[in-house]
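Trainee: Protein sequence lines correspond, in order, to chains A and B.
Just so we're aligned: the first sequence equals residues 5 to 112 in this note's numbering.
Just so we're aligned: the second sequence equals residues 38 to 150 in this note's numbering.
Hint data in this document are derived by calculation from the structure and do not stem from the laboratory.
The beta-carbon is built from N, C-alpha and C at its ideal position, and this holds for glycine as well.
There could be a bad hint or two in this list.
[Stated by the list, open to error] The list that follows gives simulated cross-link-like pairs (lysine to aspartate or glutamate, EDC-like), each with its CA atoms no further than 20 Å apart:
no., chain 1, residue 1, chain 2, residue 2
1, B, K81, A, E24
2, B, K81, B, D122
3, A, K61, B, E138
4, B, K75, B, D99
[Claimed, not checked] Which stretches of chain A does chain B cover? Using the computed rule of at least three CB atoms under 8 Å from a CB of chain B, they are:
no., region
5, 14 to 27
6, 59 to 68
7, 88 to 100
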Amino acid sequence: AQRVTQPEKLLSVFKGAPVELKCNYSYSGSPELFWYVQYSRQRLQLLLRHISRESIKGFTADLNKGETSFHLKKPFAQEEDSAMYYCALMNAGNMLTFGGGTRLMVKP
Amino acid sequence: DAMVIQNPRYQVTQFGKPVTLSCSQTLNHNVMYWYQQKSSQAPKLLFHYYDKDFNNEADTPDNFQSRRPNTSFCFLDIRSPGLGDAAMYLCATSTRQDNYEQYFGPGTRLTVT
Chain A
5 AQRVTQPEKL
15 LSVFKGAPVE
25 LKCNYSYSGS
35 PELFWYVQYS
45 RQRLQLLLRH
55 ISRESIKGFT
65 ADLNKGETSF
75 HLKKPFAQEE
85 DSAMYYCALM
95 NAGNMLTFGG
105 GTRLMVKP
Chain B
38 DAMVIQNPRY
48 QVTQFGKPVT
58 LSCSQTLNHN
68 VMYWYQQKSS
78 QAPKLLFHYY
88 DKDFNNEADT
98 PDNFQSRRPN
108 TSFCFLDIRS
118 PGLGDAAMYL
128 CATSTRQDNY
138 EQYFGPGTRL
148 TVT
């Protein structure tokens, strides 16, 4: 069975501070990991996926198979980054399992 | 703009009264999904269609049914809503050409009175 864990329900930082949203997974196969974001009153949307190795809005995430982690990082948080962030794992059948989500609050 | 549309955005139904939520897409994606998201929880997959093939998750209650009359539309039917079915219901679509990246609709918030 696959599982995605986001240990922090809420992460509060000041503007300009570094941000790290933690994500750990368990999956017996070769995982494909994603970060989705949901801004206030907007739909859930893809932020980044590990296979594309892109940096989106200053966010990066590296898949660490040894630690089974896919933490999301940004060196300098902005107020507009305040949102709900979900880590998700896609299995071999192309189905997503979501973590419980972390609410990021960036204070001015 | 190609997109995923859900109607209505807010739905109130009575305990035990059947309700239908709808989803439409202009992306021409062949895969469509329905998720249930309760307050402060992760989205949970209920079922999905791969083209016309229906795939039910093992723990999806029998109370939940779905129809996909064509590529563009997909419906979620709740036959006898209970108070525990109050949630946000999300529709999503994907296609192999996009490596199955899922595109989500805005959701329908269901209230059961």
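Trainee: Decide, hint by hint, whether the structure agrees.
Mentor: Quick rundown of the hints versus the structure:
1. With a CA separation close to 25 Å, the supplied pair K81 of chain B and E24 of chain A exceeds the 20 Å bound.
2. Between K81 of chain B and D122 of chain B the CA atoms are separated by roughly 13 Å; this keeps the pair inside 20 Å, and the hint holds.
3. A threshold of 20 Å between alpha carbons decides the hint, and for K61 of chain A with E138 of chain B the separation of about 18 Å falls inside it, so the pair holds.
4. Using a Cα cut-off of 20 Å, the hinted pair K75 of chain B and D99 of chain B holds, with the two alpha carbons roughly 18 Å apart.
5. Counting residues of the region 14 to 27 of chain A whose CB falls under 8 Å from any CB of chain B gives 0; the rule of at least 3 is not met.
6. For the region 59 to 68 of chain A, the stated coverage by chain B is not satisfied: 0 residues place a CB nearer than 8 Å to a CB of that chain, which falls below the threshold of 3.
7. Figure legend: the region 88 to 100 of chain A, annotated as covered by chain B; annotation consistent (5 residues with Cβ-Cβ distances under 8 Å, at least 3 required).
Hint violations for this structure: numbers 1, 5 and 6, all remaining hints satisfied.
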